[in-house]
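A.B. asks: Guided by the hints, dock chain V onto chain B, whose structure is given.
Chains as they are written, first to last, in the numbering used here: chain B, 1 to 260; chain V, 1 to 200.
Keep in mind the hints are simulated off the structure, nothing from the lab.
A portion of the hints provided could be inaccurate.
Quick list of in silico lysine-lysine cross-link-like pairs, DSSO-like style, CA-CA up to 30 Å [said to hold, decoys possible]:
#1 B:Lys130 x V:Lys42
#2 B:Lys238 x V:Lys42
#3 V:Lys66 x B:Lys166
Note that the structure is predicted; figures quoted are calculated from it, not measured.
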Amino acid sequence: MICNSNGDKMGATGKEKPKLYESGRRVDGRGLADLRGIKIESRVLNDADGSAYIEWGKNKILAGVYGPSECIPRHDQSLYRSVIKCRYNMAPFSGMEEHGRSGPSRRSKELSKVIKEAFESVIISENFPKTQIEIFVEVLQSDGGTRCAAVTAAAVALADAGIPMKDLISAVAVCKIDGHMAVDPGKEEDNFGESDMPIAFSPRTGEILLFQMDGLLSREELSEGISLARQASEKIRKIQVEAIAKVYQEPKEERFLVIK
Amino acid sequence: MAENRIVMPGELLSEKPERISYAFVDKGKTYSTVVGLFSEGKLVPLEGPYEPLPDDLIVGIISEVKFSGYSVEINAPYVSFLSSREIRERYEMGDAVFARVDRVDEVKNIDIADAKKLPVGRLVKVSSVKIPRIIGKKNSMIDMLKSATACDIYAGRNGYVWIAGKGNQTLAEKAIRMIETQAHTHGLTDRVAVYLKSQQ
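If we strip away everything but chain B, and leave its shape as in the complex, we get (with noise of 0.2 Å):
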């Protein structure tokens, strides 16, 4: 038996393996070097210092930042930076597959350490020493690729919250189907392709932040990956962009939010 990175096993779901790629076209009609539609909407909390919320695909994905505030518990605070903590977590209700009860589990304090340590490398953190800086993501509908849509919100809500950073950074996953390199699997793909790989860049530099693989992949195959997934950040830092500037060509009286 198979697991892929959403922890589901494969046949247990009972599901036939479908074609995945036929004709150039993919399972939902896309073609290898598409994306998802992308939907994302900064400053939507109230109480938090930055947040937005963000659809891809079916995905939608809720993130808050707090802080830079006094860091507590004081055993955790550093003297010459912030400390910088992050909370990833899936809705009980979130998928078609049982995720448990919600709360921290292997899957989730992974993905909450991957996220925090790619923002580690670009969150300007010495400018805010004895603090801590909270990023809050939470997955409310999944339908795969939700750490890179995650590390995308979350993003997007720290720069709104006016966090020093040396860049804004996008993540995308790219998988292997059916014998060909393809961007941003959906479930199926993820399910049932021979490989997946998540990666967050800092488009500035180009520098990788985030780097995960499951399944295997030829040298070849990897760089092929890693260049598609250049391509298509560089398409989602625009609606990133686009995001963040939205919230001052168009202020709202107040923050709210419609999750349709």
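C.D. replies: For chain V alone, coordinates are given in the frame of chain B:
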């Protein structure tokens, strides 16, 4: 005048290494660290926490009475300290004071001084980056607010605005909220003047 440009974190500001606040230099080029407005070599952030600097005039709330002074909440990531030696009044928890930041050290221990107790009034919390707009060029905006609403308005550099006096405090608060949401736009003073006139 050059047009204001909205810049994003990591956006190139200059091909040369330059000293610009809220920017950083990497490999000989200057980049922004925040979402801000950039024009004529100056970067003004549109959002962000208050970073106390010496000689800032601030509005603070007494949060704790200690043996040798007071802890004062000043809308920063850090609590500041007001020594009893610096003042002749006595305060209680919850009192509002208008004070000056005296000293900030490298681990952000903040001492404030020259405190003055504020009269009964209301506190409006805005982002600290909007305060220059609320004060205006040569106090133009805040003088207009004061005369139109007949209130005493104390705008702290930290983002706390204290409104006191017998005037129309609600109108003053609404006008400040209006300035907050439109702080990045042109011709704001005129629009606020029209608004204040329409409400009188």
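A.B. asks: Now tell me, hint by hint, if it's right for this structure.
C.D. replies: Hint-by-hint comparison with the structure:
Under the criterion of a C-alpha separation no larger than 30 Å, the hint pairing B:Lys130 with V:Lys42 is consistent with the structure, at around 29 Å. Distance hint between B:Lys238 and V:Lys42 is fulfilled; the C-alpha atoms sit about 24 Å from each other, no more than 30 Å. At roughly 40 Å between alpha-carbon atoms, V:Lys66 and B:Lys166 are farther apart than 30 Å, so this suggested pair is violated.
Hint compliance for this structure: hint 3 is the single one not met.
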